[in-house]
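Got chain E sorted already, so can you dock chain S onto it with the hints?
In order, the protein sequences belong to chains E and S. For the record, in the first sequence the residue sitting at position 72 is 72 according to the working numbering, with numbers rising by one throughout. Counting the second sequence from 1 gives a position; the working numbering is that position plus 123.
By construction, these hints were calculated from the structure, which means they are not laboratory data. No incorrect hints appear here.
Using 30 Å as the maximum straight-line C-alpha spacing, the simulated DSBU-like pairs for lysine-lysine come out as follows:
1) S/Lys-141 with E/Lys-80
2) S/Lys-141 with E/Lys-100
3) S/Lys-141 with E/Lys-86
From the structure, some residues in chain S lie toward chain E, with a derived Cβ separation under 10 Å:
4) Ala-142
5) Phe-154
6) Cys-164
7) Glu-237
8) Leu-259
Every residue gets a Cβ at the ideal spot worked out from N, C-alpha and C, and that includes glycine.
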Amino acid sequence: MIEASGIPTVSLSMIPDLTRAVGVPRLAGISYPLGRPLGNPRDAEGQRAVLRALLDVLPRATEPDTYVELPFAWPDSPVKARNESKDVPPAPIVALVTRKPWLLPNLYSGRIPQREEELCAKD
Amino acid sequence: MSIDSYRFLDFATRQVMKAWASRERAGAIPFAPLKKPLDRCTVALLSTAGIARNDDRPFDQERERRDPWWGDPSFRVIPLGTTEADARIYHLHIDPRFGQADLDVVLPMRRLTELAQEGFVRQAAPNHYSIMGYILEPDVLVNETAPAIAERMRADGVDAAALVPA
Chain E
1 MIEASGIPTV SLSMIPDLTR AVGVPRLAGI SYPLGRPLGN PRDAEGQRAV
51 LRALLDVLPR ATEPDTYVEL PFAWPDSPVK ARNESKDVPP APIVALVTRK
101 PWLLPNLYSG RIPQREEELC AKD
Chain S
124 MSIDSYRFLD FATRQVMKAW ASRERAGAIP FAPLKKPLDR CTVALLSTAG
174 IARNDDRPFD QERERRDPWW GDPSFRVIPL GTTEADARIY HLHIDPRFGQ
224 ADLDVVLPMR RLTELAQEGF VRQAAPNHYS IMGYILEPDV LVNETAPAIA
274 ERMRADGVDA AALVPA
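Bound-form chain E, shown alone (with noise of 0.2 Å):
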């Protein structure tokens, strides 16, 4: 939508499948854990080289759906990444379909459930 009204975009995603699937014009993966797309709080440097690489796929993108992985890695394993933040609850909607799993085949269908249902359903 802001593309469509004339102002270039360029999109940084840690899921590129799921942004790629909803259709951008420049796309660019980075394998960065979600809550953190620029890096670690006051690595100045490292967020600068991330933006300043995001940025950079703005001039060099010719055509729609331009897709670009950063060549970033992140410096701690993935199991250290989940710890960090294993005590924050699950979204409400995780929390849902880990207690009625049978829920799941409706986010893949795109059929969400009637409201009151939902809201009325005890557990």
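For chain S alone, coordinates are given in the frame of chain E:
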């Protein structure tokens, strides 16, 4: 595709993300070429971390907790110079503590200002934006929120925008 950030996620969240990816269908993708070199561009940032200034309306977490299929489709303006002390992160799907400790982790306005000082871009726009990235039904986002953000960006003379997910 060699980027695999699913490995940073727990199993249940991974399943939800994969389901979401599989249900999306890209329509026609618009494309606006960059009209001038980056070092002559005013650049704006848009974060999906659900950032709202402390003096602004919070994103609606309560309704999402009641109805997990719903996500707040509104947006907030984050003026340049806003820091982690002035704002809060309302996205319920991420660990907000990293961006809360250093807002540039999710909305790199200071880094953008530094890139302008280096001459990589002309300048950081006076206003930046945040939405909350978990929205399964994007009608309001696409038809109301995004056009409203685009309108403000145009009014600010923005030449290019970078979208940063959370």
